[in-house]
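Go ahead and model the full structure; you've got the sequences and the hints to work with.
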Amino acid sequence: GEKVEQHESTLSVREGDSAVINCTYTDTASSYFPWYKQEAGKGLHFVIDIRSNVDRKQSQRLIVLLDKKAKRFSLHITATQPEDSAIYFCAALRNNNNAPRFGAGTKLTVKP
Amino acid sequence: GPKVLQIPSHQIIDMGQMVTLNCDPVSNHLYFYWYKQILGQQMEFLVNFYNGKVMEKSKLFKDQFSVERPDGSYFTLKIQPTALEDSAVYFCASSPGTSNTEVFFGKGTRLTVV
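Protein sequence lines correspond, in order, to chains A and B. Note that our numbering has the first sequence beginning at 1, numbered continuously upward. Note that our numbering has the second sequence beginning at 1001, numbered continuously upward.
Because the hints were derived from the structure by calculation, they are not lab data. Backbone N, C-alpha and C fix where the C-beta goes; we use that ideal spot for every residue, glycine too. One or more of the hints may lead you astray.
[Claimed, not checked] With a straight-line cut-off of 30 Å between C-alpha atoms, the simulated DSS-like cross-links for lysine-lysine are:
hint, chain 1, residue 1, chain 2, residue 2
1, B, Lys1062, A, Lys42
2, B, Lys1107, B, Lys1003
3, B, Lys1059, A, Lys107
4, B, Lys1053, A, Lys3
5, B, Lys1059, A, Lys3
6, B, Lys1053, A, Lys42
7, B, Lys1057, A, Lys69
8, A, Lys3, B, Lys1057
9, A, Lys107, B, Lys1107
10, B, Lys1057, A, Lys107
11, A, Lys37, B, Lys1059
12, B, Lys1059, A, Lys68
13, A, Lys42, B, Lys1107
14, A, Lys57, B, Lys1059
15, B, Lys1078, A, Lys3
16, B, Lys1107, A, Lys57
17, A, Lys111, B, Lys1107
18, A, Lys57, A, Lys37
19, A, Lys68, A, Lys37
20, A, Lys37, B, Lys1107
21, A, Lys3, A, Lys107
22, A, Lys42, B, Lys1057
[Stated by the list, open to error] Sample of chain B residues with no beta-carbon within 10 Å of chain A, all distances over it, derived:
hint, residue
23, Ile1007
24, Ile1012
25, Met1015
26, Leu1060
27, Pro1070
28, Lys1078
Right, here's the structure in full:
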């Protein structure tokens, strides 16, 4: 089955800098890659996704890149703000409504 | 936006007892999921449920676990009997049933087995 690895367990940046979180996956059939944010003691909140028919997607300060050849995808948060501090989870799944498989999470801290 | 509701938010139960975690998925969603998270760490997939059947389950979905959604009511996760290692936050999720669409998560139920 699909295995998703999230390479950074923790990441600390200064406010205004960019943060990059990298993930890899194993299942070549995976075609949908969502990212979720979890603040302390709360549930998962969807932030952005990318589908396998594109290699880049941007939504305001968030950019996701997908390299299907390398089975790698990443989340770039530009101009970080303290409220971006949270745990970010990447996930991968096929297009037949199988369950998302998550990476282990990256705890992002944005220092003022 | 669409919301998945989980009831209760926190439950404490004696080891060996039965517990039922309730989830009210997004209206008109067809696929339902349970995940287990320990200490804010890895989100571990437990089970995927569609059309009244378990579609997929992981090794963590022990024989003591069961899921059902009788007559379109709550989607439930039942653990019987509970063990200490079942203590975790359990997240319910649902999705519409079309390809490549967002999966919506509830806020979780914190289960403490004592």
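Hints and how they fare:
Of the supplied pair hints, the one linking Lys1062 of chain B and Lys42 of chain A holds, its CA atoms being roughly 26 Å apart against a limit of 30 Å. For the hint pairing Lys1107 of chain B with Lys1003 of chain B, the CA-to-CA distance comes to about 9 Å; that is within 30 Å, so the pair holds. Using a Cα cut-off of 30 Å, the hinted pair Lys1059 of chain B and Lys107 of chain A holds, with the two alpha carbons roughly 26 Å apart. Of the supplied pair hints, the one linking Lys1053 of chain B and Lys3 of chain A holds, its CA atoms being roughly 24 Å apart against a limit of 30 Å.
For the given pair, Lys1059 of chain B sits about 14 Å from Lys3 of chain A by alpha-carbon distance, which is consistent with the 30 Å threshold. A distance of roughly 29 Å separates the Cα atoms of Lys1053 of chain B and Lys42 of chain A; the hinted pair therefore holds under the 30 Å criterion. Distance hint between Lys1057 of chain B and Lys69 of chain A is fulfilled; the C-alpha atoms sit about 29 Å from each other, no more than 30 Å. The suggested pairing of Lys3 of chain A with Lys1057 of chain B holds, with an alpha-carbon distance near 15 Å, which does not exceed 30 Å.
Our distance criterion of 30 Å between C-alpha atoms is met by Lys107 of chain A and Lys1107 of chain B, whose separation comes to about 19 Å. With a C-alpha separation of about 28 Å, the suggested pair Lys1057 of chain B and Lys107 of chain A falls inside the 30 Å cut-off, and the hint holds. A C-alpha spacing of about 26 Å is found between Lys37 of chain A and Lys1059 of chain B, which places the hinted pair at or below 30 Å, so the restraint holds. A C-alpha spacing of about 28 Å is found between Lys1059 of chain B and Lys68 of chain A, which places the hinted pair at or below 30 Å, so the restraint holds.
Distance hint between Lys42 of chain A and Lys1107 of chain B is fulfilled; the C-alpha atoms sit about 6 Å from each other, no more than 30 Å. Taking the CA atoms of Lys57 of chain A and Lys1059 of chain B, the gap is near 34 Å; set against the 30 Å cutoff, the hint is violated. Taking the CA atoms of Lys1078 of chain B and Lys3 of chain A, the gap is about 27 Å. The hint holds against a cut of 30 Å. Annotation: proposed proximity of Lys1107 of chain B to Lys57 of chain A holds, straight-line Cα distance about 27 Å (limit 30 Å).
Distance hint between Lys111 of chain A and Lys1107 of chain B is fulfilled; the C-alpha atoms sit about 27 Å from each other, no more than 30 Å. Of the pairs offered as hints, the one joining Lys57 of chain A and Lys37 of chain A holds, with about 17 Å between alpha carbons and a cut-off of 30 Å not exceeded. Pair hint Lys68 of chain A plus Lys37 of chain A holds up; C-alpha atoms about 23 Å apart against a cutoff of 30 Å. About 12 Å separates the Cα atoms of Lys37 of chain A and Lys1107 of chain B, which keeps this hinted pair within 30 Å; it holds.
Taking the CA atoms of Lys3 of chain A and Lys107 of chain A, the gap is near 20 Å; set against the 30 Å cutoff, the hint holds. Taken as a hint, the Lys42 of chain A and Lys1057 of chain B pair is honoured in the structure, with Cα atoms around 25 Å apart against an allowance of 30 Å. Ile1007 of chain B, annotated as away from the interface, keeps every beta carbon of chain A farther than 10 Å; the closest lies near 13 Å. For Ile1012 of chain B, the non-interface assignment is confirmed: its Cβ lies about 17 Å from the closest Cβ of chain A, beyond the 10 Å cut-off.
Residue placement check: Met1015 of chain B keeps its beta carbon more than 10 Å from all beta carbons of chain A (closest about 24 Å). Annotated as non-interface, Leu1060 of chain B keeps its C-beta farther than 10 Å from every C-beta of chain A; the closest such distance is 12 Å. For Pro1070 of chain B, the shortest C-beta to C-beta distance to chain A comes to about 21 Å, beyond the 10 Å cut-off, and the non-interface label holds. No Cβ of chain A approaches the Cβ of Lys1078 of chain B within 10 Å, the least distance being about 19 Å, so the stated non-interface status holds.
When each numbered hint is compared with the structure, a violation occurs for hint 14 only.
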